[in-house]
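Work the whole structure out from these sequences, hints included.
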Amino acid sequence: MALLQISEPDASPLPHERRLAVGIDLGTTNSLVATVRNGIPVVLPDAQGRPLLPSIVRYLPDGVHVGHEAQNEQTRDPQNTIVSVKRLMGRGLADLSDARRFPYRFIDGPGMVGLGTRAGPKSPVEVSAEILRVLRERAEASLGGKLVGAVVTVPAYFDDAQRQATKDAARLAGLDVLRLLNEPTAAAIAYGLDNASQGTYAVFDLGGGTFDISILKLTRGVFEVLATNGDSALGGDDFDHRVYCWVIEAAGLPPLSAEDTRLLMLRSREAKENLTLHGTAPIVVTLANGQKVDLTLTAENFTAITQNLVAKTLAPVRRALRDAGLQPRDIQGVVMVGGATRMPQIQKAVGDFFGQPPLTNLNPDQVVALGAAIQADVLAGNRRAGDDWLLLDVIPLSLGLETMGSLVEKIIPRNSTIPVTRAQEFTTYRDGQTAMAIHVLQGERERVTDCRSLARFELRGIPPMTAGAARIRVTFQVDADGLLAVSAREQGTGVEAAITVKPSYGLTDGDIARMLQDSQAHAADDMAARALGEAQVEADQLVAVTRTALAADGDLLSATERAAIDASLAALARCREGSDHRALVAATEALNRATGELAARRMNRTVARALTGRQVDTLS
Amino acid sequence: MIDFSRNHYALFGLPERFRFEADALDRAYRALQTEVHPDRHVAGDDAQQRLALQASARVNEAYRTLKDHVTRAEYLLQLHGIDPTSGTDTVLPVAFLERQLERREAADEAAAAGDVPALDALQADVRAEAAAIEGRLAQLLDGDGAWAAARMPVRELRFLTKLQADIGAMAAVLEE
Numbered sequence: 001m002a003l004l005q006i007s008e009p010d011a012s013p014l015p016h017e018r019r020l021a022v023g024i025d026l027g028t029t030n031s032l033v034a035t036v037r038n039g040i041p042v043v044l045p046d047a048q049g050r051p052l053l054p055s056i057v058r059y060l061p062d063g064v065h066v067g068h069e070a071q072n073e074q075t076r077d078p079q080n081t082i083v084s085v086k087r088l089m090g091r092g093l094a095d096l097s098d099a100r101r102f103p104y105r106f107i108d109g110p111g112m113v114g115l116g117t118r119a120g121p122k123s124p125v126e127v128s129a130e131i132l133r134v135l136r137e138r139a140e141a142s143l144g145g146k147l148v149g150a151v152v153t154v155p156a157y158f159d160d161a162q163r164q165a166t167k168d169a170a171r172l173a174g175l176d177v178l179r180l181l182n183e184p185t186a187a188a189i190a191y192g193l194d195n196a197s198q199g200t201y202a203v204f205d206l207g208g209g210t211f212d213i214s215i216l217k218l219t220r221g222v223f224e225v226l227a228t229n230g231d232s233a234l235g236g237d238d239f240d241h242r243v244y245c246w247v248i249e250a251a252g253l254p255p256l257s258a259e260d261t262r263l264l265m266l267r268s269r270e271a272k273e274n275l276t277l278h279g280t281a282p283i284v285v286t287l288a289n290g291q292k293v294d295l296t297l298t299a300e301n302f303t304a305i306t307q308n309l310v311a312k313t314l315a316p317v318r319r320a321l322r323d324a325g326l327q328p329r330d331i332q333g334v335v336m337v338g339g340a341t342r343m344p345q346i347q348k349a350v351g352d353f354f355g356q357p358p359l360t361n362l363n364p365d366q367v368v369a370l371g372a373a374i375q376a377d378v379l380a381g382n383r384r385a386g387d388d389w390l391l392l393d394v395i396p397l398s399l400g401l402e403t404m405g406s407l408v409e410k411i412i413p414r415n416s417t418i419p420v421t422r423a424q425e426f427t428t429y430r431d432g433q434t435a436m437a438i439h440v441l442q443g444e445r446e447r448v449t450d451c452r453s454l455a456r457f458e459l460r461g462i463p464p465m466t467a468g469a470a471r472i473r474v475t476f477q478v479d480a481d482g483l484l485a486v487s488a489r490e491q492g493t494g495v496e497a498a499i500t501v502k503p504s505y506g507l508t509d510g511d512i513a514r515m516l517q518d519s520q521a522h523a524a525d526d527m528a529a530r531a532l533g534e535a536q537v538e539a540d541q542l543v544a545v546t547r548t549a550l551a552a553d554g555d556l557l558s559a560t561e562r563a564a565i566d567a568s569l570a571a572l573a574r575c576r577e578g579s580d581h582r583a584l585v586a587a588t589e590a591l592n593r594a595t596g597e598l599a600a601r602r603m604n605r606t607v608a609r610a611l612t613g614r615q616v617d618t619l620s
Numbered sequence: 621m622i623d624f625s626r627n628h629y630a631l632f633g634l635p636e637r638f639r640f641e642a643d644a645l646d647r648a649y650r651a652l653q654t655e656v657h658p659d660r661h662v663a664g665d666d667a668q669q670r671l672a673l674q675a676s677a678r679v680n681e682a683y684r685t686l687k688d689h690v691t692r693a694e695y696l697l698q699l700h701g702i703d704p705t706s707g708t709d710t711v712l713p714v715a716f717l718e719r720q721l722e723r724r725e726a727a728d729e730a731a732a733a734g735d736v737p738a739l740d741a742l743q744a745d746v747r748a749e750a751a752a753i754e755g756r757l758a759q760l761l762d763g764d765g766a767w768a769a770a771r772m773p774v775r776e777l778r779f780l781t782k783l784q785a786d787i788g789a790m791a792a793v794l795e796e
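From first to last, the protein sequence lines are chains X and L. Here my numbering is used: position 9 in the first sequence is 9, and no number is missing along the way. Here my numbering is used: position 45 in the second sequence is 665, and no number is missing along the way.
Everything labelled a hint here was simulated from the structure, so no lab data went into it. All values reported here derive from a predicted model rather than from experimental measurement. Just to be clear, a hint being listed does not mean it is correct.
Claimed, not checked - When the alpha-carbon atoms are kept at most 27 Å apart in a straight line, the in silico DSSO-like pairs for lysine-lysine are as follows:
#1 L:LYS687 / X:LYS292
#2 X:LYS217 / L:LYS782
#3 X:LYS292 / L:LYS782
#4 X:LYS410 / L:LYS782
Structure (structure tokens):
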């Protein structure tokens, strides 16, 4: 809808008007869904009362199992039971240095890696969508209604391809994504509000398969990310794998079958967890051929085999601090997030580095989902003005273009606050050149081959000129989800080309539409009912917002303009009574157009008010 | 559309000066983002979300420019019709260049020897020289309104910022 949603000072939504919104932590190992109830964020458990949904999807001959059921069968059916799919999001086969670790039938291709299952080839996006769908259904059952939307978390260090893949998965699962939120930022919300903190904090987030470090400044009402860094392929899984390798070596095992591999990985993970809980961990496994393994993992062994993984987390911490222009002693508190931060080896290393014990008073498995739920509540408009806050996040990796000599020219440097728009001019290097290839890259290195290729496109139809005469302005725009769009324009002639960065690794809209149709969970009438439901929610929101806007700033309109809006409102009310979702969507769009100018004028007035408020502040 | 043709200072309601109250920019920035940030317009349609995206990106760009002393000084000169980054405006005093060349050589040697404290000391030297130039610049810009004369110290300051970043990067490599 086209109108500004400005909450009036005491216009708190009544309980029955609360919009149902959730936060989802789509994790490597486990996923969760949370919401805000009576002002308190809570994780929504399944029917058996279990809060965590194992991020495991098993494809059966006649359906799909997700979560605990799939987990129970993973050692028996490893090739059709997908675990840790998050590590494959937005990745080609060539990107996976650890591909051999997974027992899957990988399908190589030009884009994202595929997985061969008995249900046919599956993209990591589709696998993730299965997990998200279960969480959406859990939330709708628990909250008793359709969701307005969800905040879905991603590792802060996820690049554009990984973010886009996550957003696509959410769409495929029938979720309206209010925002992609960085996991450490979500954790900071949960912590910051709990502890009413001010100052500069570090969030150390070691999950199952990803590592993030974010440095945030908390001022009253504003969470500002100063710098972020990490490793999107480092997590608890890697510690499990070290234990697994240690067992193979200590027991002198031959190469293992897929089933035995999965079994041993599982026992290795349990051993790691037992070590944290009990200080010692027996590993007893009987392999398929009857061979028995009986070993004991000690804390000393474990510390020795994982010390370089621990050290690997500290390098990004140093880089983030340097980018923020800070020293370890400048940090008021270090928040620990992710199940892997339970390891005493990690807590000690982090404590030693910052010279203070890290904060662990919130459940590290749940804190991200809880923060996401709180943010979803804010974005859905369920909070009173003054009782809310603003997040200012950054992009984790620099964005640039390929220039002569296969070098990367950075357009937007890492840790730029988003949203951000930056443009740069380029020119032709040959006489009469009529086209220019534009290659978009992400990363910190200087050479094209060392950065991630996000997209390629061409600007065609440049009139022939002498070399260096054309002026081609390339504009990069990163939105609040951290997603990039690029456009190019020849300044003299206005020839233009634009791209939303998706083709290299993401799915096209056509792919998504096809997958939605393929999906058995969306039978035809289900789709129609769903479409109508969505259109009604949209229409109701727009009407509510329009009324609020007219009441607050109706004086900005002429009588004619006001009459046009009133007519559109009446037309929409008529369509709202019927069951034709297309008519309803059309009427909603019509009201949207009718209120476009009012929205712009309100934005102006709001900006003017914000400045006036500030000046009064300064004087007092 | 929003009137974003206003310059960065007007956007934040700040006086067009090189030096201003330290917190004033931060406060104005937060007040504006609190209104225009896309998170405040999630319920909007495509057009409104695009508007919020553009407005918020514009505020971020203005803040970034005014926050850093070099880009702020350059921006102030541009407002007075001078482009300090233009291709022809590159001359620096010989004594200045010689001093920086010596520092760069010393930094290369320290890096080769793995001597992080020496690199830190060099960075501190550069910082001290930059602070002195900044003082002169403030007088030229805010006191005398001597825009043309301010070009040289602005260039020097940009040069030193780059040098400082390079030395910092060397120390970073050694630390890892």
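Enumerate the violated hints, using their earlier numbering and listing them in ascending order.
-> 1, 3
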